[in-house]
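If you read the protein sequences in the order shown, they are chains E and Z.
Under our numbering, the residue at position 545 of the first sequence is numbered 545, and the numbers go up by one with no gaps.
Under our numbering, the residue at position 68 of the second sequence is numbered 68, and the numbers go up by one with no gaps.
Calculated from the structure, these hints are not laboratory results.
Certain hints may be false.
[What the hints assert, rightly or not] A partial selection of chain Z residues facing chain E, derived with a Cβ cut-off under 10 Å:
#	residue
1	Ser4
2	Ser6
3	Asp14
4	Val17
5	Ala20
6	Asp23
7	Arg26
8	Phe30
9	Ala31
10	Tyr46
11	Arg73
12	Ile83
13	Leu104
14	His110
15	Thr111
16	Glu115
The beta carbon of each residue, even a glycine, is placed where N, CA and C say it ideally should be.
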Amino acid sequence: MEHDLSRVVDALPGLVWTALPDGRTDYLNQRWCDYTGLTLSQACDFGWYAAIHPDDLEGLLATWRASVASGQPGEAEARLRRHDGVCRWFRFSTAPLLDADGRATKWVGINTEIEDRKQAEEQLRVSEHRFRSIIDGLPANLMLMTPEGVFADGNRQMMEYFGTPFEELRALPVDAKIHPDDRPELMRRWGHSIATGEDCDTEARFLRADGEYHWFRTLGVPLREDDGRIAMWHLLQMNIDDRKQAEVLLAGEKLVLEMVATGQPMAGILDALCGLVEDTISGGYCSIVLIDAHAARLKHGAAPSLPKSFITSIVGRPVTVESGPCAMAVHDGRQVIAPDLSKEARWADDWLPMAMAHGLRSCWSIPIPACPGRVLGAIAIYYDQPKTPTAADQAVIEQIVHIASIAIERAQSDAALKRSEAFLAETRRLSSTGGLSKRMSTGEITWSDEIYRMFEFEPGVPVTLDLIMTRVHPDDAFTFKDMLDAQQLGNDYIHEYRLLMPDGATKYLYVVASAGRDQDGELEYIAAVQDVTPRRLSEEALTKARSELARVARVSSLGALTASIAHEVNQPLSGIITNADTCMMMLDADPPDVRGARETVRRTIRDGNRAAEVIARLRALFTNKDAQLETMDLSAVAREVIALAMSELQRNHVVVRYEFANDLPSVTGDRVQLQQVILNLLLNASDAMSGIDDRPRQIVVRTERDAGDAVRLSVEDAGAGFGPDVADRLFDAFYTTKTGGMGIGLSVSRSIIASHRGRLWAIPNDGPGATFSFSIPPRPKGAVDAGRQGVTATPAASDPGRSFSNSVSKR
Amino acid sequence: MIASKSLVSVVDDDQSVREALPDMLRQFGFAVQVFSSAEGFLASGYIGQTRCLLLDVAMPGMSGPDLQEELRRRRQPIPIVFITADTDATLRPRLMEDGAVECLFKPFSHTALREAVRAALGQN
């Protein structure tokens, strides 16, 4: 039986043995011996130890002893060395063999190979370990949550981030670490995902171990069982601080730049910039200082989070190194970093104690650069704790300073532009000036609102030449067209013309035009147009007043004319008396010559009327004034007169050119009288051209030296001129070719010049027109009695041969 | 046959004078030629026949004294009675000194004229 049993045991598909409680084997079946390559005698007693992997023996024996002690079946795993030296895993199962008394005197064991399972287990273990390492090594927080949303596990990164022991973390409310501002939204979404099993994707700030919040994107994905139930939630958290900061910065930049673009006041823009800094660099207070126009002192920019007392003690500080960090940053054009004010040695006199008193412990001041070499101001960031800017801070600062530079420079230039535009608009309004541009290539004309108002057209009506011509005064149409022709030459010009408005009112426009090239190189005029109507109207009133004055002045010169006037009266008187005498004679004759007498009476009546006319004119002129003598430069006198007459001349569209000789001797005489002569000559010249439209109405006024240091002044016109018949009478006291004129001018002028011992004459020009000239000696003889000279001296007084001549040369 | 009438020439730029004087002079029995300017007289060919010249002082172009000077230069002296509308009293003595027969200030009476012309013709 024993033998049979032994054969059975040997045949079992397992390694079977029996051992005593102390671990000595007393039987090992054939398969055991075959497997291990040990003989029975080798393996008996403690020989079997040699077949056990040394690392596993201790564990195996411990299990054995425990099993023996308890008397219960035991089980252990250990590696068994095969006959070829390869160790493989076996399960050692033992059970006590009980004797009749129920005592376990012997133990039976069976070893079954579990190598394959062991290997699978090992592989799983290694793979799990590797997986955990990967999870722990993830640069992201990974959390496992129960299907109910309770924290279950997390990777190392996550545990380190929150810095809270595992158990404690599990005990906390699930939203404990979420920024209060982000909590409601996140919990709403998380609750929704738990309820529906849908993926979760949120952005929120979570509290880090050091007390700072950071932005995370949290992705939640459910892990489901085979039956579809949710086994677990995987939450992956990625830090998006950089992106969030960039977003905040970008949004802030956009806001600031929008403010700049829409022309918001600088103060608001700078406030927004400070807010942006404070949003982006957490925990700091930001201020911006600018510099005044002379770059000499700090000016307040913005400091929304700093106390007023702090701001006021910075504003106005000189831009020097000693003034404080901002002044130093502006002065040096470099960052000034004071990481710990309690250890700071600079600005100890003033700024530092002030800043410390305000509770500030660090300050970073960064200059805001503009174009090369110029600094607009500085941005300062303060903390109530010592702090040095990190690389990330510096990156943000760099970007903010860049925006600040753009914003401030734009805002400043906008402000300057607005000021200058407002100034210009106000100037335009005050001076009734408008602007226009005209592209010569297309004829396109652009008007400012002021010009629309001047022309009384609806603003925005397309401007065409035809439209303009409907307003141009008909009398000025000719010169207006001249101006248009002249534009083709591309020269700058000044032009004045009138508008005739539909209500019959006249407007005077004064145009100063400058020719230039537009961006395409085409000729373009830019012109300022001024409504000078009030000025012109007052000038017209002035001209009236002036002509009154001129008349008075003429009359005042009349004293010099007594002889001439008597001459004019005596001529018709002489005719009357001669005719009357003759009439008497004819009537006394026998037979009376009635026909002859009638003729003499007719002539008598005519001469009587002529005398009456002379008297009537005299009445209008009669008054008297003494002449005043002084020494003067005739060119200067002429210049004064031209200036005086300019508006009148321009009104007649007359151009005056001077050709004044240098180094003329001065002349002595009555300035007013001489001015009167020149004025007469100018106005005559102007009048002579009033009908001229086919050539320029030009007057040339010349002064030159005559023989014997005499000074000659000539006025040359381009008018109708005069023929020899008229030349005879030009200087007659009451001769005039003008229907409305008095004709006294030339006669008076001749008398005045004669009283200055000079002469006045006229010659027809080679071309159109005539030239009137007078020449006076530098100092009249007998100047002692000059005070009465103009009144009493007659042209005949000293030199009849010359003075009696009218000096009208008949070339 | 009566001796041909003495020719009195009138040179004056004033039309009234040129129209009025000839009728009166003819009433006195003189022949009369009128000229509006000294130049016109010089060019007329009547210089030789003129026995008396009634000459205005101030005229455009050549004045009365200019003409007197010119005639003297041509050695064709004619007795001259100046007539002037001027009122300057110093004029007459100067003109008389220069050889004028008389200087009449306009307006003048027919008797003053007749006497002056006769004086010029050497008739009194």
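*List, from low to high, the hint numbers that the structure doesn't satisfy.*
1, 2, 8, 9, 10, 11 and 16
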